[in-house]
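Work out the full structure: start from the sequences and follow the hints.
So the sequence lines, in the order shown, correspond to chains A and B. Each number in this note's numbering comes from the position in the first sequence (counting from 1) with 53 added on. Each number in this note's numbering comes from the position in the second sequence (counting from 1) with 24 added on.
It should be emphasised that the hints constitute simulated quantities derived from the structure, not laboratory data. This structure is a prediction, so every number in the text was calculated from the model and none was measured. Keep in mind that a hint or two might mislead.
From chain A, some residues computed to sit far from chain B (all C-beta separations above 12 Å) [to be verified]:
#1 80
#2 111
#3 125
Computed beta-carbon distance windows for the label pairs [as the list claims (entries may be wrong)]:
#4 B/114 x A/140: 21 to 31 Å
#5 B/124 x A/136: 54 to 64 Å
#6 A/146 x B/300: 52 to 62 Å
#7 B/263 x A/96: 51 to 61 Å
Some chain B residues near chain A, calculated using beta-carbon distances under 10 Å [as the list claims (entries may be wrong)]:
#8 142
#9 143
#10 154
#11 237
Note that the Cβ used here is the ideal one computed from N, Cα and C, for glycine as well.
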Amino acid sequence: MKYVLLGILAVCAGATVAMAVQQKPQVVEIFVERFSFTPSEFRVKAGAPVEIRLRSDDTDHGFRIVGTDVNVTIPKRGKGVATVTFVPPEPGKYVFECSKLCGAGHSFMRGTLIAE
Amino acid sequence: MTKHGALPLAACLVLTLLMAADVGAQTTPAAPAAPPPERTTAISGYMDFHFNKQEFADGRLDFHRFVLLITHRFSDRIRFVSELELEHALVEGLEEAGELELEQAYVDFLLSRRFNVRAGMMLVPVGIINERHEPPTYYGVERPFVDTVIVPTTWFEVGAGVHGELGRGWRYRAYVMSPLNAREFSAEEGLSGGRQKGSDTNIGRPAVTGRLEYVGVPGLTVGASFWTGRSGFEFRPRFDVPVKLGEADVRYSRDRLELRGQFAQVAISNAGLLNDAMGRAVGVDPNVASALRGFYGEAGYRVISGASYGDVGLFARYENFDTQFKMPTDYLPLKELDRDALVFGATYWPDPDIALKVDYANVRSRNSTIREPNSFNIGLGWWL
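Below, the structure written as structure tokens:
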């Protein structure tokens, strides 16, 4: 009986580790400044979480993925990093943009997340 | 614009409106929990006021710029952007006393990543400063001399055009706009007076401008721009004054360091005819050159970064600018307009959106008898 319980525990532990490894999010770091995201295009796996880390080099910007409820403020230079976790439900292109008016060229701040 | 020029533009705009009318989400497919497209209006702006003390003159205190930006999102595909600027705090009907300028007012139709259309009053996509001129974004109280007498910032005109991203960090814009008016060119300030500024402009022969830009490496922007147009429309009998401007620039920032450089050259064809015609009209030959050239290099370094009380940066910029770089046949250049400048100083950012600046500009010309005044400047600028 003891060996059976140990076996079950071992299987559970293995499954948990496997799930954790499987669910470990992809990480994308984006440099943000007036008036660009770099990179402005990146590829991730559809259905898997992606952790997007955004750091501004100047003022505070916004990061909005069009058509989703993702919309966060990116702090000003030296004030930290904005982190967004997003799970693209299906393969496709997801447009993102700056959602906080940041200057004369604000409308150039757009990019594309490609889920494959 | 001629009938032949206006019809394709009108057809293009109608087609754009039809394409942009689909206000559905641009993601494919739509993600869950997608909120409906928001119709939002945003207001922001910046201000800039200066103390300037030139050699041999009393100091001047000037509220140089008060700028309001108003944007509106009709849908995820249609936006309105505007920028209204009051210069020198007061408008009395004369430019020297102040100006109220509509620098941007356009509608942007966002069709795809690669191809979008905009129309209205737009910034000319030339150089570093013209499209990126919020005071905390650049060192120095005043904009670079090259961005004043060679590239006439802030340069804006009415027109229509396309823009988009090509992938791998490349992006572009290309516009058809009102041309410059050669009748207002001058020896000292080059093209600056020739901007029509969207006010009941002559567009018999539209100008074309464009920019190709690379932003694929964090902190790096490399760009090249051009402008070409015919500017002699006010003269009778009419003659052409083709104007061509070519420009290249680079900007790089990493941690505390920021480097930037820019080169611009202007060619004015038939400058001799232009001088003759203007001389006959007003009695004074303006001595407009057939080529203008300017370049600068700048290095800035934040000696204090991330402190609780803010950042402090030091900078130095060398500029060379000549509005008489090449003269038409039988004209001699005015050597006092072949100038260079060393500008150095400091910026204190108590907040990333507030910049307190101090600098000293040492200006020299090739004329040994006419001395350019040096200047000491203090500025306070901020972005809301």
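Status of the hints after comparison with the structure:
no. : hint                      : result
1   : 80                        : holds, 15 Å
2   : 111                       : violated, 6 Å
3   : 125                       : holds, 14 Å
4   : B/114 x A/140: 21 to 31 Å : violated, 55 Å
5   : B/124 x A/136: 54 to 64 Å : violated, 43 Å
6   : A/146 x B/300: 52 to 62 Å : holds, 58 Å
7   : B/263 x A/96: 51 to 61 Å  : holds, 55 Å
8   : 142                       : holds, 8 Å
9   : 143                       : violated, 13 Å
10  : 154                       : holds, 9 Å
11  : 237                       : holds, 9 Å
The structure fails to meet hints 2, 4, 5, 9 from the earlier list, while all remaining hints are met.
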